[in-house]
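Q: In case you want the letters, here they are:
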Amino acid sequence: MVPLTVENVDTDQIIPARFLKATDRKGFGENLFRDWRFTPDGQIKEDFALNQSQYKGAILVAGNNFGCGSSREHAAWALADYGFKVVISSFFADIFKGNALNNGILPIQVSLENLQRIFAAIDQDPSVEAIVDIENQKLLIDAAGIAVTFEINDYKKMCLINGYDDIDYLISQKEAIEAFEQKRA
Amino acid sequence: MKKTLFDKVWDSHVVSSVKNGPDILYIDKHLIHEVTSPQAFNVLEEKGIPLFRPNQVVATADHNVPTENQHLPIQDALSRKQVSQLTKNCEAHGVNLFGLGHPYQGIVHVIGPELGVTQPGMTMVCGDSHTSTHGAFGTIAFGIGTSQVAQVFASQCVLVDKPKSMRVVVSGKLHPAVEPKDVVLYVIAKLGTDAGTGYFVEFAGNVFEEMSMEGRMTVCNMSIEMGARGGMIAPDQTTFDYVSRREFAPKGEALEAKIAHWKSLPTDDGAAFDAEHHFDAADIRPMITYGTNPGMGIKIADKIPSSDDASFVKSLEYMGLEADTYLLDMPISHVFIGSCTNSRIEDFRAAAAHIKGKQKSPDVAALIVPGSQQVAKQIVAEGLDQIFESAGFKLRQPGCSACLAMNDDKIPAGAYCVSTSNRNFEGRQGQGARTLLASPVTAAAAAVAGKIVDVSQV
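Protein chains in written order, with numbering that gives the first Met the number 0: chain A, 0 to 184; chain B, 0 to 457.
Since the hints were derived computationally from the structure, they do not count as laboratory data. A portion of the hints provided could be inaccurate.
[Said to hold, decoys possible] In silico SDA-like cross-links for lysine to any residue, where the CA-CA straight-line distance does not exceed 25 Å: (1) B/K313 x A/A184; (2) B/K87 x A/F18; (3) A/K173 x B/K46; (4) B/K302 x B/G269; (5) B/K2 x A/A184; (6) B/K313 x A/I43; (7) B/K46 x A/A178; (8) A/K173 x B/H12; (9) B/K163 x A/I43; (10) B/K161 x A/V109; (11) B/K80 x B/E90; (12) B/K376 x B/T86; (13) B/K355 x B/K450; (14) A/K173 x B/V42; (15) A/K173 x B/K376; (16) B/K163 x B/G319.
[Stated by the list, open to error] Computed from the model, here is a short list of chain B residues facing chain A with C-beta under 10 Å: (17) S11; (18) K46; (19) H92; (20) G93; (21) Q147; (22) C156; (23) I258.
Even for Gly, the Cβ is constructed at its ideal location relative to N, Cα and C.
So here's chain A without its partners, still in its complex pose (with noise of 0.2 Å):
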């Protein structure tokens, strides 16, 4: 688990602006975070948590409010391309929630109380593990004491879990769209 304690990250800092002119999905990762894990003139900073090698894994642990602000899909794309497949704070901006679960990263939401617990099992053991059931809706840290359910609606845990696309859900309603715009019409 990667620690990332500051509240109200936004999306700004997740991905800055100048990184979005791409016009594919590829290679964000190499620029997550990029503002907080380098100096301007491309300088590692080492107190930046993504820069500390003691912290590892696939889960990203941060404070409240967690992707507020742009609705830049660039920010999921960017934490799953770095390789981030869980992110677990105590709130989620709403369009930073939904772009995750569009690109296979879960959201977890605990309490602020839990995630307390959390960070302060992480600073005792940087190397503490975590286990994520998506089918039982699970999240296990016994360093930390935790044995919690989440919260995901069964539409989003069958796309998680077999990796469907809201799209392909959508076209295949396209009669009744057609119908409900002759309705209107």
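Given the coordinates of chain A, work out where chain B should sit on it, guided by the hints.
A: Just chain B now, with coordinates in the frame of chain A:
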């Protein structure tokens, strides 16, 4: 059953609901721009499917465009590629594009309303969080990610959970120096940047009823900055008058029929909201932000608050400011008047009224960026360009510009910029740049004085 404005518009656009899942929400108008659409067009190509309803999509180039020499090829190769990709995609899929050089080009949230694309009672989306702007017309309008842009391309629908409803009521008499931007910065400072998350907000009360459409757009634009997916204001005569003058709005009998429908949209008396907040207009004064999220705002005459919270301390450190001190009289070096929040003609009239007959401070670089070609034309027609230029302000061509600094309009590291935009995030206006959000009049006054001033005290 008594319904809110939000319920009425939402419920009439639900095609069906997925069991234990989201609603399939039908989208009337889909706005796109060069930054968040290319990957969505790629999805259509990958899947080999057509754009379902091209006539309901409107495109423009705004985020990534230069604000000088727009008649020349864009110098930055990546920006040029992104903008030309938009042109190619629109041609290939039959989408109406108001690109660079078109008399209707401009910031997507400025041109939608001014062209009459935006109308009351609609559902609208765009791959941009400030789509909330269009809620000023009693429209459900919200930002979406690029995967959802592709969904709308493919089906004219999005899959989305119905948000909860919140009402923010501001009533009473505003101080004459208070502008719409001050009202919304005040509300966000009171409620915080995450108070609206999970909600759609209706702004109600005489303060919003008495506002122009431009003012209402400024307010709804910033609703995302309190975390809300969108904001709405009930359509009324002000709305109908604005819409009926617009090119793509219905005319004649069709318009009359529409207006009759729009009149049925306001929230029913006694309809329930999931959350409600009330504020006294008389307490509001010109506002400014001191931190790195839009909720960190104060009345200009007040001190920066203090807190031991680590995120608060980090924020003040980035801003180079100290708790318990005043921003008033602090020197600044940059001013930006523009963005989808404050780049409409009324914003420039207000700024010009303050600037007229004065000179900007020699220590300040002041940028004026109109929201659209039509606004730029109007600025010239009203002679505001003369006022700006003789005062030493630089008047540029339309685009998002220094709001997010994707083009060359960047604020240097460490510099303080009083900006009429919507976000004071770290690095938003350029790496290391320090943004102080405020109204157009406060920004204009700062440019003239070379420091932060309280226009309610002048």
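Q: If a hint holds in the structure, say so; if it does not, say that too.
A: The hints, checked one at a time:
1. B/K313 x A/A184: Violated, because 54 Å separates the two Cα atoms, which is more than 25 Å.
2. B/K87 x A/F18: holds, 22 Å
3. A/K173 x B/K46: holds, 15 Å
4. B/K302 x B/G269: violated, 40 Å
5. B/K2 x A/A184: Within the cut-off at roughly 23 Å; holds.
6. B/K313 x A/I43: holds, 19 Å
7. B/K46 x A/A178: Between B/K46 and A/A178 the Cα gap is close to 24 Å, so the pair holds against 25 Å.
8. A/K173 x B/H12: holds, 15 Å
9. B/K163 x A/I43: With Cα atoms ~43 Å apart, B/K163 and A/I43 exceed 25 Å; violated.
10. B/K161 x A/V109: holds, 22 Å
11. B/K80 x B/E90: Holds, because 15 Å separates the two Cα atoms, which is no more than 25 Å.
12. B/K376 x B/T86: holds, 24 Å
13. B/K355 x B/K450: At roughly 18 Å apart (the allowed maximum being 25 Å), B/K450 and B/K355 satisfy the hint.
14. A/K173 x B/V42: This hinted pair holds, its Cα atoms lying about 17 Å apart.
15. A/K173 x B/K376: violated, 43 Å
16. B/K163 x B/G319: Cα-Cα ~38 Å, so violated.
17. S11: Nearest chain A Cβ about 8 Å off; hint holds.
18. K46: Holds - the Cβ of B/K46 comes within 10 Å of chain A, reaching about 7 Å at its closest.
19. H92: violated, 15 Å
20. G93: Violated - the Cβ of B/G93 stays beyond 10 Å from chain A, reaching only about 18 Å at its closest.
21. Q147: Result: holds, 7 Å to nearest chain A Cβ.
22. C156: holds, 6 Å
23. I258: violated, 18 Å
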